[in-house]
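Trainee: The residues making up each chain are set out below.
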Amino acid sequence: MSAMANSTTAGISPPLAGGSPPSSERTTSLLSPLEYVGGAFTGFFEWFGSLGIFAWKVLRAAVTPPYEWNELIHQLDEVGSKSFPLVALAGAAVGVIISLEARYSLSRFGATSMFPVTLVYTVIQVMGPIITGLVVSGRVGAGIGAELASMKVSEQIDAIEASAVNPYRLLAATRILACILMLPLLTVAADACGLLTGWFAQTLVEPLSFHRFIESGFQGSTFNAFLPQTFKTAVYGLIIGLVACFQGMRTEGGAEGVGRAATNSVVLGSLFLILADVVLVKFILVVFR
Amino acid sequence: MAIAEDIANKDAKSQESGSAPVIEVENLHKAFGAQNVLNGISLSVSRGETLAVLGRSGTGKSVLLRILIGLVKPDSGSVRIQGQDIAGLSLDGLSTIRMKMGFLFQHAALYDSLTVRENVAFPLVHHRRDLSNAERKERVTHLLAEVGMEGSLEKMPSDISGGMQKRVGLARALALEPEILLLDEPTAGLDPISSGEINELILKLQRERQMASIVVTHDMHSARTISNRLALLDKGNVVIDGKFEKLQQSDIGFVKEFLKQS
Chain G
1 MSAMANSTTA
11 GISPPLAGGS
21 PPSSERTTSL
31 LSPLEYVGGA
41 FTGFFEWFGS
51 LGIFAWKVLR
61 AAVTPPYEWN
71 ELIHQLDEVG
81 SKSFPLVALA
91 GAAVGVIISL
101 EARYSLSRFG
111 ATSMFPVTLV
121 YTVIQVMGPI
131 ITGLVVSGRV
141 GAGIGAELAS
151 MKVSEQIDAI
161 EASAVNPYRL
171 LAATRILACI
181 LMLPLLTVAA
191 DACGLLTGWF
201 AQTLVEPLSF
211 HRFIESGFQG
221 STFNAFLPQT
231 FKTAVYGLII
241 GLVACFQGMR
251 TEGGAEGVGR
261 AATNSVVLGS
271 LFLILADVVL
281 VKFILVVFR
Chain S
1 MAIAEDIANK
11 DAKSQESGSA
21 PVIEVENLHK
31 AFGAQNVLNG
41 ISLSVSRGET
51 LAVLGRSGTG
61 KSVLLRILIG
71 LVKPDSGSVR
81 IQGQDIAGLS
91 LDGLSTIRMK
101 MGFLFQHAAL
111 YDSLTVRENV
121 AFPLVHHRRD
131 LSNAERKERV
141 THLLAEVGME
151 GSLEKMPSDI
161 SGGMQKRVGL
171 ARALALEPEI
181 LLLDEPTAGL
191 DPISSGEINE
201 LILKLQRERQ
211 MASIVVTHDM
221 HSARTISNRL
231 ALLDKGNVVI
241 DGKFEKLQQS
251 DIGFVKEFLK
261 QS
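For the record, the sequence lines run as chains G and S.
Taking the numbering used here, the leading residue of the first sequence gets 1, the next gets one more, and so forth.
Taking the numbering used here, the leading residue of the second sequence gets 1, the next gets one more, and so forth.
Extracted from the complex, chain G is given alone in its bound form (with noise of 0.2 Å):
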């Protein structure tokens, strides 16, 4: 029926009876595109508005008493101590790299003095937060996410509202404060794991004592060449701890949609991250230099 009657507003003759009608399917292959891009247009707007919307009802439920104290404490814990060994890990190996791959860059420009602030820069203030956002984008975020979508399937959300408790305010805030405030120190935490196995990977081929590398790489250096690079990982925090618990509040379709959410928790926090860096960079620059 709707192929026909795109085919007579198209001007296009309807079918023969009784034959396929080529006309009505090339009408139709058109505008399937069409509605696609449309769909996702729609899509795009009312999914941003709905993370709007969602992250209001959590900030007015987040400064409302009563407040959810132990509930925060438990998450500080699940972010911030279980993400530590991972995050370490991570700034330990990209420590490595960065000394490795610029030892090499400079010694072929006979610049090899400049390596302790070349690590020391390209650690704190690229490296150290853009590894440690990733990861635990990844860790928390899928976490999060998975988490909420399975309490949202078996109506244990349901249960809390019903309960008389905002849900909001007990699971939704507590978690996205927890990746606010941690954030910062497991970035400061990778940075140190960083400057240290790259100090130690430059020190197994040029001898430099760990004092006179630290000294080096900070020579000059104020707080605003560095505080702001680690800072801004709050607001990493703040997309991570969003991201996932608007995915996971908002689940359905049982454990389809459980997984949805976590790999869509992970996909979207990752990429608002490093969209949101691009901006915070140029902030930085504008604002602290």
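Since no wrong hints were added, every one of them can be taken at face value.
Interface residues of chain S toward chain G, partial, derived using beta-carbon atoms under 7 Å:
| # | residue |
| --- | --- |
| 1 | L91 |
| 2 | S95 |
| 3 | F103 |
| 4 | A109 |
| 5 | H126 |
Computed cross-link-like contacts, DSS-like style, restricted to lysine-lysine with a CA-CA straight-line distance of at most 30 Å:
| # | chain 1 | residue 1 | chain 2 | residue 2 |
| --- | --- | --- | --- | --- |
| 6 | S | K155 | S | K204 |
| 7 | S | K155 | G | K82 |
| 8 | G | K57 | S | K100 |
| 9 | S | K137 | S | K100 |
| 10 | S | K155 | S | K100 |
| 11 | G | K57 | S | K73 |
| 12 | S | K243 | S | K256 |
| 13 | S | K260 | S | K243 |
| 14 | S | K100 | S | K243 |
Derived from the structure by calculation, the hints contain no laboratory data.
We put the CB at the ideal spot given by N, CA and C, even for glycine.
Starting from the known structure of chain G, fit chain S onto it as the hints suggest.
Mentor: Below, chain S without anything else, positioned relative to chain G:
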């Protein structure tokens, strides 16, 4: 025999209470997309009264309960709980009303990361901060003993059967001593013996606590056992509302068919 006496006692007490309705639903409409689930439902329940809502699967029975607890917003119509219209209330505004209500979900909806004891203590932890740990523990133990689950305090929900989960869910629903109890298919999925035990438990609690209750079920035997009144839904409307004898005497085709198949 004991059950028949209980029903007679329930009827007598609900007539004595004779009070203004605790739950009032008027001309309630709800649609999900193109599907009309509730088409102008009206009913009321008084203190000490138990109304069983029956109907075929997918006729909006559970949606009605979710509207009463505020989990779903109606498209139109009014819902009054103890005289207060809840339709326009915010999440925090609903909290005061919800503290007077207990809700048993169809699959119990226990928090799977908490023990049985922690599940029942959950409402007390959040709303009775005046209680000491010892007082809270005593209340939880008493509640679980009421439902016959005092030996499972430290078990996880995954370690207990479906019937046991429903008992724990019921204990949690009663934690704040509600004046209103909403039960969504309390015997669904249970064997006949477990169903009978849940029915006996609900009867005992109603006898002791005199709550206004609505039980959603498709189990006619369970409905007759635990309720004073029955309301039969079809295509989103209340086809008949009254005691079981009224349903038996009805000439409405759907009612006859439903009773015949029950």
